[in-house]
Each structure stands twice: as structure tokens, then as C-alpha cells.
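Using the sequences and the hints given, assemble the complete structure.
Residue-level listing of the chains:
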Amino acid sequence: MLAIDNLSKRFDASREQALFERVSLRLAPGESVAIMGESGVGKSTFLNCIAGLEPVDGGRIQLRDRELTVLDEDAFARLRRRDYGFVFQAFHLLPHLTLAQNVALPLWLLEQDEASADGRARALLERVGLAHRADDWPRHLSGGEMQRVAIARALVHEPALVLCDEPTGNLDPARALGVLELLFEGIRTTGAIGILVTHSRLAAAYAHRILRLTPLGLIEEPGGA
Amino acid sequence: MGALLWYVFLGSLWRRRLATSLSLLAIALGVALGLAVQLIHTAALDEFGRGLRLISGEADLQVVGSQSGFDDALYPLLAQRPEVAEASPILEMEARLPDRATTLRILGIDLFRAARLTPSLLPLGEGRSGEATPDQAAPTARGDVRLEALQPDALFLSPAAATQLALASGATLRVQVGTREVALRLAGAVPAAGVGQVLAVMDIAAAQQTFERIGRLSRIDLRLAPGVDAGRARRALSALLPPGVSLRTPADAQSEVQNLSRAYRVNLTMLAAIALMTGGFLVFSAQWLAVVRRRQEFALLRALGLDRAGLRRGLLAEGALLGLVGGLIGVALAHGLTALAFRLIGGDLGAGYFRGLAPQLQWEPGLMFGYLALGLGAGLAGAWLPAREAARLIPARGLRAGDEAEAYQAPPRWGLTLGLLGLAALSCLLPPLDGLPLGGYLAVALILVGAVLALPGLTPWAMRPLAGGRAILTRLARARLAAAPGQAVVAGAGVVASVALAVSMAIMVSSFRDSLDDWLTQMLPADLYLRAAAAGTSGYLEPEWVERVARLPGVTAVRPVRFENLRIGAGGEAIALIARHVTDRAGLPLVAGSTMPAPGPGTEPPAWISEAVADRLGLGVADPLPLPLGQAVQTFRVAGIWRDYARQQGAVVIELETFQRLTGDRRVNDLGLFLTAGTDPAGVMSAIRDLLGATMSEMILPGELRTMILGVFDRTFLVTYLMEAVAVMIGLFGISTSFAALATSRRKELGILRHLGLMRRQIGTLLATEAALTAAVGVVIGLVAGAAIAWILIEVINRQSFHWSMDMQWPLGVLLVFSLAMILLAALAARLSGRQAMRQDAVLAVREDW
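Chains as they are written, first to last, in this note's numbering: chain L, 1 to 225; chain Y, 1 to 850.
Sample of chain L residues lacking proximity to chain Y, with all beta carbon distances greater than 10 Å (derived):
1. Asp-5
2. Leu-19
3. Arg-22
4. Leu-27
5. Arg-60
6. Leu-63
7. Ala-160
8. Arg-175
9. Gly-178
10. Thr-190
11. Ser-200
12. Ala-205
13. Arg-209
Just so you have them, the derived chain L footprint on chain Y, three or more residues with Cβ under 8 Å:
14. 7-13
15. 302-309
The following label-pair restraints were derived from C-beta to C-beta distances:
16. Arg-388(Y) with Gln-17(L): 25 to 35 Å
17. Leu-812(Y) with Arg-139(L): 50 to 60 Å
18. Ala-483(Y) with Pro-95(L): 25 to 35 Å
19. Arg-139(L) with Pro-411(Y): 28 to 38 Å
20. Pro-55(L) with Arg-835(Y): 37 to 47 Å
21. Leu-816(Y) with Glu-16(L): 52 to 62 Å
22. Pro-95(L) with Asp-434(Y): 48 to 58 Å
23. Pro-55(L) with Gly-11(Y): 26 to 36 Å
24. Leu-385(Y) with Arg-139(L): 27 to 37 Å
What the hints contain is simulated information worked out from the structure, not anything from laboratory work. Positions of the beta carbon are idealized from the N, C-alpha and C atoms, including for glycine.
Here is the structure:
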């Protein structure tokens, strides 16, 4: 269970003005939510706050009854290692690692031995339909293929939470659909909590619920799976 | 984090192979040169120590005097003392071998005494006339050998000497005595002398007779009676010694040479340390650039849960691997260099302290691990700041497609810079520590670091005058450098370090060479020089020969010089004595006082001391200087201090006439000849050869001598030159790779500029302009730092290490060409690598979004 209560974040420069405040959200395992909102409203910042990549200015975040806002940077890093998966708009695959190695990266961080990490990574690549290219380099892939690798990387260690920041932002609609299918299927089967930040109605419709982020909190929107 | 460490961190070294190999090379070189210098000197010192132990055997104390020795009446006096159990007299000389233009160290020993004190010097005979076959070469009965060895012409060679001279038993060796030749018969070997010792042994009475040293000894080895307190015995025996003769332990002799060669060794080691430091700078530049290029990668890893410490550890591991591998290559290289040096030049690195030794390469695990650790340290130190910077990175920001310029933020560090420079100035004031100019070395390091730290502050300031420029490219370049001064630090650190080192060495060496040239002009006023033998050898000129040379047609005047070695002060330290004419036209390169001393209150004769003597004994002009000459101590008055580049242990010049009056010794070693105008020196030379015999003397024209000495100078500095040249070369390569990497890391920015309509050519010009501006700032700072370091090398380090002063010279032409070359090279490297970066489609570079 992820519980967010009264989360607030101010602008970097002037500590006076709030970017958003009174943001509250509860999500059960297997549940997914899409966060929409205007540009600059702080959607990505909201994700970063949940991931501990940016400090919050007020409120609480609890994952499985553990308070996260009190964690120091390194404790948060260890938590992310175990319990978080990420999918970015810009894919962020490491160009000098093969696809299998890119997918195995979270397992390396968890100090799993190389052989079993490799086996698991190949299994995940199989699920996203890229098993035959496991030893290829990212530079040879199309955008859609890159994002499928990134999805495999986000799920390989069966995290409790998968955070996705505009995962289809760099893809054409046809490829976007394929990627979203894979992503949400993965989230469902691993029993993870999924949070998706997007501008795209189409993408948002894959989540169980759709919320709009405003400076004064989250507002429920119609739609959702 | 095995796989992570291997693929993400260490693998990155392989992906940027060029930068990695340069860093490796620089570290390997620093380690190799430093370790080789140590290995060579350790082996040479060990061999020297072995030689000392060999010739001093089981002696507790040694009585030593000046080069011409002391009266052998001292021997029975000491031998009968109750404190003394055994005494063994020795006459030692450096015999000139006329037909080989070299010398051989000959020890005249009392065979019966030596058997008890220095048994390894005992000779082994091989039959009388060399007809011995290998079967008969077995040692004859000991008694026979001693009888054999007592023959007045019998000489025994150590194995190393036999190899070097390529002589077998039974052969004849000609030695020079005065201006005569004497034939000695090789009667056998000194088998226990060890492989590295080039020497010969003969009976002491025979040696005294052969070398016209009757009644003279150069040393007496003493073994104390059991139970006698060494300190008390030393005091009691010292009281019996005449002036100029002193007592020392065999260990004192070793430390004397060790101290003499130490400053030279430390100097070379410091140069190696500077090469290592250049390696550290290269690692720094390469790592910083790599960190900037891998920002998003690190941000991703942090987002995936890698903590700061893990990231820092990974990056430090990269530096450590560089340092370790560089160190290992360096250690291997050092052993190769040492073996090569022993084969080519023996154990002497150019300063002449260990001539005549044939040391062997030794395995020195302590030294090896020490230098390996230094290499590791250089790698880690270079990686330290970039690793810290990477760990500070805010992952949320790094993941956004961003401008690398942000990573090149570097606040001015004026406080730190000025603090370091102030500390450097203070370190120059420190006195030498145990004879070593550690303050000077510290100041050099502080100035280098301070100069690099001045870059971020000075770069935006230096860009200000360009603000009015209207050309778009200049404005872009200026804006970039002013906004991202860290870029100037990364690329400029190598420029500053290389330029500073090259400039300081250029100034120092050219100042030294010029001063040496001046010195030679003053020291060599005559038209022709005649030398009976090098100082300290068995050849010399009798007064009647000097007269006869002076009467040769074309010769207007002769200036004879006599060399001696004295032991002065309580510690019996050796200094050179030069007796010659001073107060007439033969000049002396004075730095204080005058050649025409004002008649003082006393009647002491004048003496002119070298800077080393002035420093060592703390003497100034008009101070009294007691010297043991003849049978008594004569007090001289210091009339002047002169510059001597030839004798680091120190030298005193006195009037030849004073020397002859006090010692009664009228023989001389050198003659300076002044010729009438128009006389061909070659004619005079052949007349002298007819007079003295073709092989009995060496003659040389001042021009040739000067060329020869400057040749020796250049050889001495060869090691230095090589080290510096290599350090500068590596620095230059490092700079080119830095600019190349910078251009590559800015592909996206350049892609946007292409989108906005800049042509490829213009991008190239932009990169070249930026590089030229960066390099220019670096060069200017490097020039200033280099001049400061040169001043420290000349006024502090050389002064304190070798007691040499010199006049500062500015090789402006060389410096100008060098500076322009650096700037052009930087621009060229940036332009070429810019082309590489532009090869990728500009549109793609922008789309790629990182």
C-alpha cells in the first residue's frame, strides 16, 4: 500500500509559492493511476518526490506503512534499488551495455550473481518480445524497442512501485499502444503499484484511475480502465 | 556490485581507450623514472658499500688524511697503543694508465697485516710468467703467494678490473708515475673482491717505491682491542694525530658519499614525482570529462538505487585501476631501464659519484611496492574531485535533457589560490631540512596547484575585453567560457601544468648553461691547457718540466695549478684545494670579495672559497679559515667567494706560492699556457709531446675543453631533459584528448547551433576559438607559474642542494614559440575533434535528448 498525505512542494527559487500542495493519494498493490495536468504543474516533480529524488516541503509518503520522507538520501537509494522501477520518456538505456545487461542493471545493484541476473533479464526480454536481440546494442533499436527494453528493466526485480514519466512521449501512436499494453500487463502481473505521468488521454486510459494534478491537489477525472 | 563495477565503471576505461592509455603512460613513466633512479642508486650505493667493506674489512676505525697522505711514522705509534689490537697500513692511489686514457685504483697493502683485517683483499698467485694452464691455475701454497706478492712489480687485479682492462695473468700493465711510465706485471687475482669492484692490489713497500711515495700512507685500518670503549679509544687516538689527519668509522665514509649523491638523487626523484603529478592531472582531466559525459548514466543509476558512496567508489575504482596498472607497467619499465642503464653507463646517472662501479640489478620489493603505491595514489588523487562532483549530482536534474555547461560550473577560488601562493612564498624561506630543499619542492607543488586553481577565476575575467566583439563566433565562444569556466579548468589544467614545467625547466637549464659558459670563460683564460693527469692520480709535473715547457718558443707565460684533497673541521670533511695564481690575470668567477685582498690587520695569506664551502662552514669574506697544510695548521683569511660548478663538496683556492712555501711540494697537475699572438697551438702541442712523451700528458684547447664540459653538462641534464620532454609531450596529448572529449560531449549543443543555421565550418571555428582562448589563458598562467618555479629552482633548490648560484636567463624566443605552439595545437585538436563530433547527424543529436 502506498499512502500519500498532504504532500506539498514549493518552487526552487522562491520558497514562498507552492508548486503543489495538499496532494493525497492511496494505492493498493496491483492498482495503477495516471496523473495528468498542464505543463509546468509539477507532474514530474511529483514523481521525483515519491522516488526521493527531490525533497518534499510538507506531508507524508508511506510505502507498506514505512514513512519515506524521513529517509536520508542513501536509505532512499537502497529503497529504490529494491522497491522501485522506472520508465522514462527518453528511455535512458546505457549505450555501452547490451540489452540483456541494461535489463540486468537493477539486479546488479541488488548484487545478484551475474549468471542468474542474466537469465532473469533474458526472461524479461522474452516477455517484451526482444529475446532474439538480447546481445545487441541499444543504438540499433527503434524508439519503441528501446522503451520495451526500459519496461523490462523496470520490472526485472519485481518492484513494489513502478513510476513512469511520459513513457510514450517519444513514440508514434501505433508503437505507443504496444508499449502501453506491455507496461500495464507487466504492472498487473507483478502486483506492483503503477503511477503514470502523461499528457496523453490514450495512455491514461490504461490506468485504473485518472487524476489531474493542480496546485491545490489531485482531482479525480472520469475514465480509466 | 561486481558486474556493475566491471561493466559500468571499469568498462568505461576501455571505451575511452585513448584518454586511458595517456593517463596510464603518464603514471607509468613517473613510476618508472622514479623507481629506476632509486634502483640505480640503491645498487650503486650497495656496491659502493660492498667496496668499502671489502677494503676496510673488519676495521673498527680508519685513519685518513689528505690526498698526498701522511707520514708513515704514525703507523708504529698507533700500532703500539694499548687500545689497538690490529693495525694495517694502506697506500691508495688512482694510477693513470697512459695508453688507455683511464685510471685504476691501486691499494698498496701490508699482506701480513691485511690477512687479519681485510682478508678479502688478499691476492692469489697464478705462477710467475703467465705460462700457467688452467690446470695449474689452482692457488699455490699461501706462503708462496705472499713471497710472489712481495715482488716489487707484482700487481693483482680484481675480477672486474681484469674484465674491464681485458688483461690476463702474466700480462704487463703500464702505469704513469709523474711523467714516467712504469711497467707492472699481473701476478694473479684478488678473487674475493666481488664482481663489482674495479681495483688492484700490490705490496705496500713496492707501491711506495713505484709511485715515489716513500714514507707516505693514505690510510691505517685499526681494530680495537676487545673490551675497549670505541668512543674513548677514538678520543685518545685522535689526540695523537697530526693536523689534517682524522679518524672515522667505515660507516662515515659511506654516508659521506651517500650525502654527496643524495641531493642529486632527490632532485631526480622530485622530477619523477612531477611526471607522476602530470599523470595525476591527466587522470583528473580525463575523469572529469568522463563524468560530465556520463551525467545521465549516473543520474539513472542513482534513480535505480545506487547510493552516493557506491557511485564514488565506482569512480575511485576507475582511478585506482589506472594508477595500479600504470604503476605495474612503470615497475616493469623501471627494471628494464635500470638493466639498460647498468649495461650502457654503469651505476652513474651523470653526476659522477659512482664512476668505476659495475653494480647489478637487484630485487627491491620495498621500493617496488612503494612506487606502486605512488602510482595508485596518483590515479586515486586524479579521480578524487571528479568522483566527488559526480556524487553531488542531483539525479532528478541529471535525468532531464540538459546542458553540460551546468557541470562545468566552477566558482572562483581566489582565497584558496592566494593562500596557496602565500604558503609557497613562505616555504621558499625555509632552510634546507637535513641538506634537502624540501621547502623549495613544496613551493613548486603549491604553485602548480595554485596556478590551476586560478583558472576558474581568471577565465571569465580574461574574457571581458572580448565582450565588445561583434563576430557571432567570438561572442558564442566568450559566452560559453564565461558561463562555464569549469571547462577551462578541465582543459586548462594540463596546459598550465605542462607550460609551467616546460618553462621553468627551459629557464633553469638555459640560466645554468649560460652561467656555466661564463664560468668557463673566466676559469679558462689561457690559450692551451696541459694536464699531467686528472686530479688525484699518479701523474704530475715536476718543476723542471714546467720550466722546460715555459721555455718553448711561442709560450709567453705558464700558469701552473696544483690540486689537493684536504680534510678539515672536526668531522674530517673532504674538500678540494686548488693552488694557483690568483692575483694576476688568471681570473676567478667571484660572487663576493675580490682577487686583490685589501691588506688586513693580520698577516694571514688570502684564500678564496667556493659557495659550497661558504654554505657548509658558514664562512663569509674576511673570516679566518684554518687549513691543515704541510705538517701544521695554517690560518688563511677569506678574501672572496667564488662560483664553482665542478666540485660539489667544496673547494678552496690559495696562491700556488703559499702552497709551495708551506708544503715544500713543488709538483703540479695542470699548466695553463699563454701563447704569443699568431702562434699555432698545434705546433706548441707537438713540441710538448716531443718533450714529455706522447702518452704522458693530455693537452686540450680551451674551446675543446669548453665543448667537452658543456657536453658533460648536457649529459648530466639528459635524464632531466628526457623526463621533462616526456612529461610535456604527455601533457600535450592530454590537452588534445581533453578538447576532443569536450567537443564530443557537446554534440547536442552543436546540433542545435546547426539547426539554427551555423555551418559545419563555423562550428569548427567556434570550437577552435574556444580552445585557443582556453589555451591562451592557460599558457599565460603557465608562463607566470613557470617563471616563479624557475626562480625557486635556481634560488632555492639548486642553491640548497648543490650550493650553486647562477644568473637568471630568459630564453624569450623559445618561450614565445612554445606558447604559440601550445595555443595552435589546442585549437587544431579542438577543430579536428569537432569534425569527428559533427559527423553524426545534427538532427539526431538533438532528438537523442541527452
